[in-house]
Each structure stands twice: as C-alpha cells, then as structure tokens.
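Trainee: Sequence:
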Amino acid sequence: MAEKSLFKQLLEASTVGLNLVISTIIGGLMGYGLDYAMDRWFGLKTAPWLLFIFAIFGIIAGFRDLIMLAKKSDDQSNKKNS
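For reference, each letter of the sequence shown is one residue, going 1 to 82 in the numbering used here.
Honestly, the hints are just simulated from the structure, not real lab data.
The C-beta atom is built at its ideal place from N, Cα and C for all residues, glycine as well.
Treat the hints with caution; some may be incorrect.
To be verified - Quick list of in silico lysine-lysine cross-link-like pairs, DSBU-like style, CA-CA up to 30 angstroms:
#1 79 <-> 8
#2 8 <-> 80
#3 71 <-> 8
#4 72 <-> 8
Said to hold, decoys possible - Now the in silico label distances, taken between C-beta atoms and shown as ranges:
#5 48 <-> 77: 39 to 47 angstroms
#6 5 <-> 67: 34 to 42 angstroms
#7 11 <-> 52: 46 to 54 angstroms
#8 37 <-> 80: 47 to 55 angstroms
#9 81 <-> 49: 43 to 51 angstroms
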C-alpha cells in the first residue's frame, strides 16, 4: 500500500514541470492568436504585447498550480502524521 502511495506522489510531482511548460505555451498561443486577430480584424498592431502578457499569465497559472500541489501534499502529510 505504501508503494502505491509513493508511486502516486512521484507521478504528481513529475507533472509539475509539464504543467508549467504547457500553461506557458497555451498562454503564449492565446496571446499570439489575439495579436493576429487584432491585426487582421481591426488593423491594430498589438504584436508582440499580447503574446508577452498572455505568456506571463500562463507562467503565473503554472506556478499557482505548483503552489496548490505543494499545499495539497503538505496537508496529506500532516494528516498522515496526526
């Protein structure tokens, strides 16, 4: 039973890096798409500002997920020790 719990913890920890990268890429793609749409539909030259802003939002979302995972892990270890 303890091995399964350890495996689950390792699996959750290994997804942290993926979550950071994927959220940054998704944010950047959203910003790029909005830059393209603003130029194409409205003739506004916003590039590369929306790309940068949404990439930063993606980075923030990735770190938020990291903090939530750390808190969850800490809560579980506190329950186990009590």
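Trainee: It remains to establish, for every hint, whether it holds in the given structure.
Mentor: Hints, one by one, checked against the model:
Between the alpha carbons of residue 79 and residue 8 the distance comes to roughly 17 angstroms, so the proposed pair stays at or under 30 angstroms and holds. This hinted pair checks out: residue 8 and residue 80 have alpha carbons roughly 15 angstroms apart, not beyond 30 angstroms. Taken as a hint, the residue 71 and residue 8 pair is honoured in the structure, with Cα atoms around 16 angstroms apart against an allowance of 30 angstroms. Distance hint between residue 72 and residue 8 is fulfilled; the C-alpha atoms sit about 13 angstroms from each other, no more than 30 angstroms.
At roughly 43 angstroms, the beta-carbon separation of residue 48 and residue 77 lies within the given 39 to 47 angstroms, and the hint holds. In this structure the hint that residue 5 and residue 67 lie 34 to 42 angstroms apart at CB is violated, the actual value being about 22 angstroms. In this structure the hint that residue 11 and residue 52 lie 46 to 54 angstroms apart at CB is violated, the actual value being about 33 angstroms. For the pair residue 37 and residue 80, the supplied restraint of 47 to 55 angstroms holds, since their beta-carbon distance comes to about 49 angstroms.
Range check, residue 81 to residue 49: Cβ separation about 48 angstroms, and the 43 to 51 angstroms hint holds.
Hint check: violations occur at hints 6 and 7; the rest are consistent with the structure.
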